Structure formats: C-alpha cells, structure tokens
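**Q** Sequence:
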Amino acid sequence: MTVPQEPLRIGVGLCAGLERPQGGLDPEAVARLLERSDPGVQAEVMPDICRKPEQVPDLASRTGARRLVIALCEGKPPVHEFQSWTRKAGLDPYAVELIDLTRWIDGDGASPKDEDDAILVLKAAIARLRAFEGSEPEQLKLRFLDRGGAVSRRSLMTMPPWTYEAVPAIDQRSCLGKDRCGLCVPACPFEAIGAGVGISVDKSQCEACGICLTTCPADAVRWPGSSLAQYEAELAALLAAPRASIVFTCRRATAALDDDHDGGSPFPPGWLPVEVPCMGMVTPGWILQALAGGAERVALVGCGYGCGVNYKAVVNERVSYLRKLVGLLGMHQPPEQVRALFTEPGQFPRPDELRQALDRLSSPQESERENGAPDGLTLTEPVATAQAVLALAERNGAAPDVSLAHSASPLGLVRVREETCTTCGSCAGACPTGALSIETRDEAVTLSYDPQLCIGCDRCVPACPEQDKDTLGVESVTDLAALAEGRVTLKRGSIALCKRCGNPVAPAAMLDKIRSLLEDADQSKTLLETVTELCPDCRGVQTTGA
Numbered sequence: 001m002t003v004p005q006e007p008l009r010i011g012v013g014l015c016a017g018l019e020r021p022q023g024g025l026d027p028e029a030v031a032r033l034l035e036r037s038d039p040g041v042q043a044e045v046m047p048d049i050c051r052k053p054e055q056v057p058d059l060a061s062r063t064g065a066r067r068l069v070i071a072l073c074e075g076k077p078p079v080h081e082f083q084s085w086t087r088k089a090g091l092d093p094y095a096v097e098l099i100d101l102t103r104w105i106d107g108d109g110a111s112p113k114d115e116d117d118a119i120l121v122l123k124a125a126i127a128r129l130r131a132f133e134g135s136e137p138e139q140l141k142l143r144f145l146d147r148g149g150a151v152s153r154r155s156l157m158t159m160p161p162w163t164y165e166a167v168p169a170i171d172q173r174s175c176l177g178k179d180r181c182g183l184c185v186p187a188c189p190f191e192a193i194g195a196g197v198g199i200s201v202d203k204s205q206c207e208a209c210g211i212c213l214t215t216c217p218a219d220a221v222r223w224p225g226s227s228l229a230q231y232e233a234e235l236a237a238l239l240a241a242p243r244a245s246i247v248f249t250c251r252r253a254t255a256a257l258d259d260d261h262d263g264g265s266p267f268p269p270g271w272l273p274v275e276v277p278c279m280g281m282v283t284p285g286w287i288l289q290a291l292a293g294g295a296e297r298v299a300l301v302g303c304g305y306g307c308g309v310n311y312k313a314v315v316n317e318r319v320s321y322l323r324k325l326v327g328l329l330g331m332h333q334p335p336e337q338v339r340a341l342f343t344e345p346g347q348f349p350r351p352d353e354l355r356q357a358l359d360r361l362s363s364p365q366e367s368e369r370e371n372g373a374p375d376g377l378t379l380t381e382p383v384a385t386a387q388a389v390l391a392l393a394e395r396n397g398a399a400p401d402v403s404l405a406h407s408a409s410p411l412g413l414v415r416v417r418e419e420t421c422t423t424c425g426s427c428a429g430a431c432p433t434g435a436l437s438i439e440t441r442d443e444a445v446t447l448s449y450d451p452q453l454c455i456g457c458d459r460c461v462p463a464c465p466e467q468d469k470d471t472l473g474v475e476s477v478t479d480l481a482a483l484a485e486g487r488v489t490l491k492r493g494s495i496a497l498c499k500r501c502g503n504p505v506a507p508a509a510m511l512d513k514i515r516s517l518l519e520d521a522d523q524s525k526t527l528l529e530t531v532t533e534l535c536p537d538c539r540g541v542q543t544t545g546a
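Okay, so the sequence shown: first residue is 1 according to UniProt numbering, each after it adds one.
Keep in mind that the hints were calculated from the coordinates and are not lab data. The structure displayed is predicted, hence computed values, not measured ones. One or more of the hints may lead you astray.
[What the hints assert, rightly or not] Under the rule of at most 30 angstroms between Cα atoms (straight-line distance), these lysine-lysine pairs were calculated in the DSS-like manner:
| # | residue 1 | residue 2 |
| --- | --- | --- |
| 1 | Lys76 | Lys52 |
| 2 | Lys312 | Lys203 |
| 3 | Lys499 | Lys525 |
| 4 | Lys178 | Lys88 |
| 5 | Lys203 | Lys88 |
| 6 | Lys76 | Lys178 |
| 7 | Lys178 | Lys469 |
| 8 | Lys141 | Lys76 |
| 9 | Lys178 | Lys491 |
| 10 | Lys141 | Lys88 |
| 11 | Lys513 | Lys469 |
| 12 | Lys312 | Lys76 |
| 13 | Lys203 | Lys178 |
[As the list claims (entries may be wrong)] Derived Cβ-Cβ restraints for the label pairs, each shown as a range:
| # | residue 1 | residue 2 | range |
| --- | --- | --- | --- |
| 14 | Gly90 | Asp179 | 40 to 46 angstroms |
| 15 | Asp219 | Lys88 | 28 to 34 angstroms |
| 16 | Gly502 | Arg323 | 57 to 63 angstroms |
| 17 | Arg417 | Pro186 | 28 to 34 angstroms |
| 18 | Val461 | Asp219 | 38 to 44 angstroms |
| 19 | Pro186 | Arg441 | 35 to 41 angstroms |
| 20 | Val461 | Ala399 | 26 to 32 angstroms |
Ideal placement from N, C-alpha and C gives every residue a C-beta, glycine not left out.
From just these sequences and the hints, can you work out the full model?
**A** As structure tokens, this is what we get:
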C-alpha cells in the first residue's frame, strides 16, 4: 500500500499592517483562506514583520515549515536581513519569498478585484517555493552591503556586513559542452561564461540577468530563486485566475516603480505581475504559454536598458514575431494583446504612466477561453513555443498551412536533400537538442528530425561533409504543419555488413561516397576493400596480416 506523501509545509507570515484604516486586506481572513486552499500552508498574522525580520526564526519554528512567504505592508524590504534571519532559522536563505502587497492595498482606487489579485500573487509565491530545489555554494556570490540604508538595530548588531547573491551555475552533468552546444557563451552580455575544459560561469563577472537560463537547450543552468521550474509554477498559479492578464517586469523596472510609489498599484485590476531579472530572458515561448493558458493580454515592461544589457531591440523583435504569429493562428483578438513597454534610455517607468499604458492595450473580443495553464506547462525553448503554438492553433481552428519565417522564431526548420545525404550522422552528432537523430537497427540506418525540438542554431550545417552539395539547410521558421506532424524520417538507408564477420560497417551511402573518393585518388584495390568492406576489427586483422 502506497502512503500518500504530505505536501511540503509552507509558512506564511502576514504583516498586521496590511489592514488599513480605510480598507486594505484583512490579514486574518487571508491567512484562513490560504490554509483552506492549500493543506500544506500554515499562515499567521505577525505584528510589524516588515520592520522586524528577526521574527522569521519564530515563524519557521511555530509552523514547522522549510519554506516561508512574508506578506509585507511596506515596500522596499531589507531582503538581505530576511535572508540572513532565514539562514539563522536553519533554512536555505533563498527559501523565503517577500511579497510587497502595498501595490494592491494602498490608494483610493483599491477594490475587491485588487484584493483578489493580491491573494493570487501570494498563491503564486507559494507555488514558486514548492518548486524551489535549494541553493549550493557555487551558486552564491559574496556581496558587501551598503550600510547607508535603513537597518534594524538588532540586525545591525548581529548580522555580518555582507550577504550572498544568487547567480547561475552550470550543471556539468547536464551541460552538452562547447563542442555540441556552447550557445550560452556568446549569449551572455557580460562575457561571464567561458568554455574551457567545460562551460563555467565567472561569478565576479556575472550580473545575474538570466539570459543564459533561457538560452540553454539542455536545462543545464541552475539558479536558486530564479529557476525555470519556479517560473513555471508561478505562471501556472496566476493563470488559474479568470480573465487574467500577465505583465512581465524586469528587476530594475520593478524597483523603480516601488521607489516612485504613488499610493496605488502600477498594475490595473486583472494585471498580474511576474518579475524577472531581465526582460532579455523572456522568450516568445513564455508569452505564448501565457496566452495558451488563457491570459487575455501579455505585456513586457523593461527598464530602458539602464542595466547595460540593452536587449530592447531583441525584445521588440520578439514582440513583432509574436504579433504576426497571433494573427496567423486565427486568434479572435487583436495582435496588440502582446506588447513591450520601454522607457527612454536611462529612464524608468512611472506607476501612473504604466497604468495608463496597460489600460490602453486593446481588450480581446469575447470568446470562449479555457483558464489554467496548459498540461505540462514549460518555459524551456523550443518546446515552450511548439507546445503553445499547437494548443493555440487547435483552440482557434487555425489554417493548417500557417508558416512564419522570422529572425525571432525560437523554432527552426531543417531541410535535407535526400539524393546527396549519406546518412553519416554528423549532423545529428552536432545537434544540441536531439532534433536530428541517427538510428541504426538491424541492417538499416535512419536519419530523423523533430521540428518541435529544433532551435535553428545552424550547428548541423557546418558539420555536414556534403555541404558543398547544399545537402543541409536551416531556416528560422515556425511551421504549424511540421510541428503537428512531429518527428519525421528524412532519409533511410541500408547498412553495409563486413564481408568477413558480418558485423555492421557503416551506412552504404557513406561507403559509396568514400569509395568514389578513393577511386578518384587512384588508391590501391586492397586499401579500397579494407576501408569499404571490412569493419574496424577486421581492418586491424587485415592490416597486421593475421
């Protein structure tokens, strides 16, 4: 008999100050609601937790939780203090989520819908923590603190003058290495990733932008607090809301909105935020997954590249691709439902300006819409885009011949000239995602291709020894028919068998090519037969004369 596993215990501390003289939230009611909706949650109201993070160990002890969510009534919390007290409680310092609810409870415009949004954000934080796998020393960077900011007296006396910042690290067990992949190296805008014996991150150079996380096709980047699994869990929780809209905000834009807090939420009712380190890490698949999960609109709010990453052009190109694709998929909404909002260089968005911009986004026409994330929601490209495109096409009855060639397409399309392909398998060996695959079984060899796995990286092209015959080509294309068909056979051929022992030698087409090269070079008949008719073991016997 299988004993059901208890859900991971999550402790939630809600600041008593969430209840305002003129509205706000009832923290006690929210605590009970969270407990009813999730049996693994134990919530309690805590006095002045915003200013007294030293209460964190007591919360962990009383709830018996290994993960903590702190709902704050004041903005700009001392993150390093909460992490330090979380560590003192014997927990991972990144096992705490700080949620600033002032965006939804302050100002004259606060409404019941704002309260619903605030509770959804708390549920999403709980979901993020359930997906948290813990941090390791190689994923942390030492950073000295600026003591010029506000700090509690107790923390000043007991906390060290430094903290640890989480940065990505490469899981060498999953990494494909520079020979088969290496895509993260040129993708890093800070040149923090190098390819020596293996791919590695220079923590002193890393600015934690997250672009490597969504560039890696092998899911080999480990980043505590910002893993793909955590973002997947957060997005899935937010998409459970009816008629939700998703707004991705970069870290600096979020900080600027908090600094310029004007007594109201920068997000209109129904707009649910997902904060990311940098807008450059949000791929088209993220937006398409949100739309496939029922999001009415999706916006991306950047910082005007004041951070130095300067991904504005890249993000705008992705949005251009998405708008065209949305239209081709027959969705009954205007393409403006996907939009990027950037300020001028060096400037940051203001809350009132952001509210107005989001309000101006076209609302989709009424249509039957399924709420909730698609089965197996993933943010890993290219599967994220492929999966969402197929779901959206089926829902909206898109024409089967939809095809969009675009530089921002996360998907590629490989073409092979069957008459010149020798099924040598070099292209499959160079493919980092397994889109191209070579399989030998019995006396046959098969080269197959799955467009749902193709990122259009072009690594297969220079690997092909028949490229002078234009045998292999790749385009950045999102093709619905190809995605729907799935893995297909590009060429099937026979395997030549050793005339001495009967073991496989190589694909017959490949040996024919070698034979013609040797004949053109006027090589001896013995060498010709040794290379093309004997397996490696028997060649050794032939060479030694045994």
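**Q** Each hint should be assessed against the structure and marked as holding or not.
**A** Do the hints match the structure? See the list:
no.	hint	result
1	Lys76 to Lys52	13 angstroms, holds
2	Lys312 to Lys203	25 angstroms, holds
3	Lys499 to Lys525	15 angstroms, holds
4	Lys178 to Lys88	40 angstroms, violated
5	Lys203 to Lys88	25 angstroms, holds
6	Lys76 to Lys178	41 angstroms, violated
7	Lys178 to Lys469	27 angstroms, holds
8	Lys141 to Lys76	22 angstroms, holds
9	Lys178 to Lys491	28 angstroms, holds
10	Lys141 to Lys88	19 angstroms, holds
11	Lys513 to Lys469	13 angstroms, holds
12	Lys312 to Lys76	26 angstroms, holds
13	Lys203 to Lys178	19 angstroms, holds
14	Gly90 to Asp179: 40 to 46 angstroms	42 angstroms, holds
15	Asp219 to Lys88: 28 to 34 angstroms	33 angstroms, holds
16	Gly502 to Arg323: 57 to 63 angstroms	59 angstroms, holds
17	Arg417 to Pro186: 28 to 34 angstroms	29 angstroms, holds
18	Val461 to Asp219: 38 to 44 angstroms	24 angstroms, violated
19	Pro186 to Arg441: 35 to 41 angstroms	37 angstroms, holds
20	Val461 to Ala399: 26 to 32 angstroms	30 angstroms, holds
When the structure is compared with the earlier hints, violations turn up for hints 4, 6, 18 and for no others.
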